[in-house]
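Peer 1: Which chain is which? The protein sequence lines are A and B, in order. Here this note's numbering is used: the first residue of the first sequence is 1, the next is one more, and so on. Here this note's numbering is used: the first residue of the second sequence is 1, the next is one more, and so on.
These aren't lab readings, by the way, just hints derived from the structure by calculation. Mixed in with the good hints, there may be bad ones.
Claimed, not checked - The calculated PhoX-like cross-link candidates involving lysine-lysine, where the alpha carbons are at most 25 angstroms apart (straight line), are:
| hint | chain 1 | residue 1 | chain 2 | residue 2 |
| --- | --- | --- | --- | --- |
| 1 | A | K370 | A | K271 |
| 2 | B | K197 | B | K140 |
| 3 | B | K202 | A | K310 |
| 4 | B | K261 | A | K423 |
| 5 | A | K403 | A | K267 |
| 6 | A | K310 | B | K140 |
| 7 | B | K27 | A | K403 |
| 8 | A | K228 | A | K394 |
| 9 | B | K177 | B | K138 |
| 10 | A | K224 | A | K394 |
| 11 | A | K394 | A | K298 |
| 12 | B | K177 | B | K108 |
| 13 | A | K298 | A | K224 |
| 14 | B | K109 | A | K310 |
| 15 | B | K27 | B | K202 |
To be verified - Here chain B is said to cover these stretches of chain A; the calculated rule only asks that three of the stretch's residues, wherever they fall, bring their Cβ under 8 angstroms from a Cβ of chain B:
| hint | segment |
| --- | --- |
| 16 | 2-9 |
| 17 | 29-41 |
Claimed, not checked - Partial chain B-side listing against chain A, Cβ under 7 angstroms, derived:
| hint | residue |
| --- | --- |
| 18 | F137 |
| 19 | F266 |
| 20 | I270 |
| 21 | H272 |
| 22 | D306 |
| 23 | L308 |
Ideal placement from N, C-alpha and C gives every residue a C-beta, glycine not left out.
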Amino acid sequence: MISFELPPFIENQGQLIEMVAKQAMRPYSRDLDEHEHTRPTAFVNMTWPFVQEMVKRSLKGLEEQNGSNGSNGHTPQARKGPDYSILALITMIEQLSWGDAGQYLCLPHPMLGGAAVDSAGTPEQRIRFLRKFTEGDPKWGAMAITEADAGSDNSSMRTTAVLDEDTHEWILNGEKIFITNGKLALEESDGLCVVWATVDPGAGRAGIKSFVVEGNTPGVSIAKQENKLGIRASDTVSLHFDNVRVPYENLLGSAEVQRETTVKGFKGAMKTFDSSRPAVAASAVGIARAALEFTREKLAEEGVEVDYTKSLHEMTAVERDLMEMEARYKGAWLLTLRAVSLMAHGESNRLESSMCKFRAGEAVTWITQKAVELLGPVGYSREFLVEKWMRDAKINDIYEGTKQINQLIVARSILGYSRRELK
Amino acid sequence: MLDFRLDEEQQMLADTIGRYTRERVRKVFRDAEEDGRIPPDVVQAGWEIGVLPTGIPEAYGGFGEYSAVTGAVATEAFAWGDLAITLSVMVPNLVAVPLMFAGTEEQKKAYLPLFADEEAPPFTAALTEPVIQFSPFKLKTTAVRDGEEYVINGTKTVVPFADQADMILVYAEEGGKTQAFLVPADSEGLEVAAKDKLMGIKALPTFMVTYSDVRVPAANRLGGETGIDFALLLAHSRIALGAAAVGMARASYEYARDYAKQRVQFGEPIAHRQSIAFMLADMATEVDEARLMVWEAAWKLDQGQDALRESTVMKHHVDRMVLTVADRAVQVLGGYGYIREYPVELWLRNARGFASFDGLAMI
Chain A
1 MISFELPPFI ENQGQLIEMV AKQAMRPYSR DLDEHEHTRP TAFVNMTWPF VQEMVKRSLK
61 GLEEQNGSNG SNGHTPQARK GPDYSILALI TMIEQLSWGD AGQYLCLPHP MLGGAAVDSA
121 GTPEQRIRFL RKFTEGDPKW GAMAITEADA GSDNSSMRTT AVLDEDTHEW ILNGEKIFIT
181 NGKLALEESD GLCVVWATVD PGAGRAGIKS FVVEGNTPGV SIAKQENKLG IRASDTVSLH
241 FDNVRVPYEN LLGSAEVQRE TTVKGFKGAM KTFDSSRPAV AASAVGIARA ALEFTREKLA
301 EEGVEVDYTK SLHEMTAVER DLMEMEARYK GAWLLTLRAV SLMAHGESNR LESSMCKFRA
361 GEAVTWITQK AVELLGPVGY SREFLVEKWM RDAKINDIYE GTKQINQLIV ARSILGYSRR
421 ELK
Chain B
1 MLDFRLDEEQ QMLADTIGRY TRERVRKVFR DAEEDGRIPP DVVQAGWEIG VLPTGIPEAY
61 GGFGEYSAVT GAVATEAFAW GDLAITLSVM VPNLVAVPLM FAGTEEQKKA YLPLFADEEA
121 PPFTAALTEP VIQFSPFKLK TTAVRDGEEY VINGTKTVVP FADQADMILV YAEEGGKTQA
181 FLVPADSEGL EVAAKDKLMG IKALPTFMVT YSDVRVPAAN RLGGETGIDF ALLLAHSRIA
241 LGAAAVGMAR ASYEYARDYA KQRVQFGEPI AHRQSIAFML ADMATEVDEA RLMVWEAAWK
301 LDQGQDALRE STVMKHHVDR MVLTVADRAV QVLGGYGYIR EYPVELWLRN ARGFASFDGL
361 AMI
């Protein structure tokens, strides 16, 4: 039955996270933005205990599933009723990004690396790697996929994985770029980084598999630390892999994936994005909401507020813009909720995920740029966070599948076209 | 809990209306537009699907299963077929819905049972005025209390079937607010003037109606002494129109998509080109997005919550969306998009009207 009702715990969660945002994120936003590569320690320390609890709960669920039926836990039958943990996660991401999108990315949590493990790993692997995040010091998860010559065209990647039959280890060689938390995950903590590499460069997609590289593994070095337009609190690096040895069992996936050169491995890994795209959309929506609320607040101080009973003719251009900001924000959020709702009900959501991702990126870019415009010289000043939010927003049109790639995915889906028919 | 899937009954309703639109509406809608006339049996068949009677409370002869969300689902399905025919089938709603949500007990008893019949009563409503800066909260038509009567003066336009109506629910400014009055069509001073000549929805006969010192008993003021919550009724209207826009936009998008897949130029379908494919991706996404916004406003009404803000934000957004999508559909069809043999030009002409259609539909 159609319903927009969110479970009551979401509101409680929201209040808690708003507190985290106001106490541990916003006060440091400007400073972290001005001093890229410093760590948001207040945020990390405050959230680590919560993350551990969250991961413990997921772990428990996984262990129960794994124990009870030995299936990989992905089938809908494994769940009794809708899975609201995904809804909790997505709303948490929106709420944290409202606070500070760059700091949110520094959450000591499996993050995208965890999503990759979830999508492609066996139950044993999921349990093994998640467990790291339930104990000890804060740790980070990362994913290394992009290369200098392999961005949107990620299947042309050249990082290799060669099996050493004697030691039963994979040897990784290559260089990855644009890795969020790469340094935090592998050098500054005992975290993990899921690295995509090819076991057969000539085989294209069919040779690509994902490998979990754990913290402090020899051979991994930071080749570069990026200086960015926004989300500066989030550390983005290039990683160089020089004969990095990784246990055989760190190749994600079933024995079938491990043995065969088929596209199953690649497709399994690409499924990561069906769940991570709504997460990116949620982050975008959080930034948009922050900008929208701030803009409304500031304009209201000068007596400019939207009167919903006015016709368009009676509204000033600013009032009309405010309404459009609200509409675009609302539309993006509802599309995101739809993608999440499908996941919660165990249904596939590839099309809906790509729709919400590109729409949310587009919306937050427009909304934050409009916010700075409407707030005039005040909006343009670094005395206020709104100009930072505009810079933070832009990445959402780009990472985890650019807007154009997501439009391409949507187009292929609605037209029933393959890569050959629609390039 | 959060869910956007139709339930079984809604799916059945959507399927039934889908069949009706494919088998009846789509066979006649182009000629109806050219002729300015819809075959009455098609309208009757639409009425017989029974969406409105299902919603009327049992006490007044209906099934008592009103839901704004279900109404939105139904309206979208109808409008996919044709907007003018949809508006025609839904004209009775223009009086029934305000009665249901704002009428006094006496008014409901007197009139609602008529809407649960096999044939809809010839009632219509008049909100829109022929002024450039039309605002439904600041009407130029006035109603002034005089003893036991109200005296109504003003001009209305886009009043569907005014020439055949027995009763017209007129919205007028009274005491600084928008109120509504049940006015028998044969009242002295009420004149159904010329038939409108509109850019679109030409199959739906609409009229200018003038009120010169038209007198009605005070009992005909909708809601009696209390009057109406006009913001609530406007929300009901904007949700209906939003749903209709989504239906028509979906029709435009699907037509363009199907055309692009079979139109071959430069040796392959034009849908193979990113510029076309991306337009279609945008259209599909915008239609889905708009639907969710319509449903959210409708859901709030069903929860008994205020929906003025959601329905207003949605309305302005959807008014733009339906125009953009219809415009792109014409573009995808190229030269053929400009020819009246193809429906996309009609959908573009209809699409632009949504910015001025307040009050033309209700759910």
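Peer 1: Now look at each hint and say whether the structure bears it out.
Peer 2: Going through the hints against the structure:
Our distance criterion of 25 angstroms between C-alpha atoms is broken by K370/A and K271/A, whose separation comes to about 34 angstroms. The suggested pairing of K197/B with K140/B holds, with an alpha-carbon distance near 22 angstroms, which does not exceed 25 angstroms. Among the hinted pairs, K202/B with K310/A is inconsistent with the structure: their alpha-carbon atoms are about 29 angstroms apart, more than 25 angstroms. At roughly 15 angstroms between alpha-carbon atoms, K261/B and K423/A fall within 25 angstroms of each other, so this suggested pair holds.
Restraint check for K403/A and K267/A: satisfied, since their Cα atoms lie roughly 20 angstroms apart, inside the 25 angstroms limit. At roughly 15 angstroms between alpha-carbon atoms, K310/A and K140/B fall within 25 angstroms of each other, so this suggested pair holds. At roughly 40 angstroms between alpha-carbon atoms, K27/B and K403/A are farther apart than 25 angstroms, so this suggested pair is violated. Distance restraint check for K228/A and K394/A: the Cα-Cα separation of roughly 11 angstroms lies within the 25 angstroms cut-off, and the hinted pair is therefore satisfied.
For a cut-off of 25 angstroms, the pair hint linking K177/B to K138/B stands: about 7 angstroms separates their Cα positions. Pair hint K224/A plus K394/A holds up; C-alpha atoms about 22 angstroms apart against a cutoff of 25 angstroms. Between K394/A and K298/A the CA atoms are separated by roughly 23 angstroms; this keeps the pair inside 25 angstroms, and the hint holds. The straight-line distance between the Cα atoms of K177/B and K108/B is roughly 22 angstroms, inside the 25 angstroms bound, and the hint therefore holds.
Between K298/A and K224/A, the direct Cα distance comes to roughly 40 angstroms. Violation of the 25 angstroms bound is thereby established for this hinted pair. The suggested pairing of K109/B with K310/A is violated, with an alpha-carbon distance near 34 angstroms, which exceeds 25 angstroms. Proposed proximity of K27/B and K202/B is supported: the alpha carbons are some 16 angstroms apart, at most 25 angstroms. Check on the segment 2-9 of chain A: 6 of its residues sit with their Cβ under 8 angstroms from a Cβ of chain B, so the three-residue criterion for coverage holds.
Restraint check on the segment 29-41 of chain A versus chain B: 0 residues with Cβ-Cβ distances below 8 angstroms, three needed, restraint violated. Taken as an interface hint, F137/B checks out: its beta carbon lies about 5 angstroms from the nearest beta carbon of chain A, inside 7 angstroms. Checking F266/B against chain A: minimum C-beta separation of about 14 angstroms lies over 7 angstroms; hint violated. A hinted interface residue such as I270/B counts as satisfied when its beta carbon comes closer than 7 angstroms to some beta carbon of chain A; here the least separation is about 11 angstroms, so the hint is violated.
Satisfaction of the interface hint for H272/B is found here, the shortest Cβ-Cβ separation to chain A being roughly 6 angstroms, below the 7 angstroms cut-off. Hint status for D306/B relative to chain A: violated, with the closest Cβ pair at about 10 angstroms, above 7 angstroms. A cut of 7 angstroms between beta carbons decides the hint on L308/B: the least distance to chain A is about 6 angstroms, and the hint holds.
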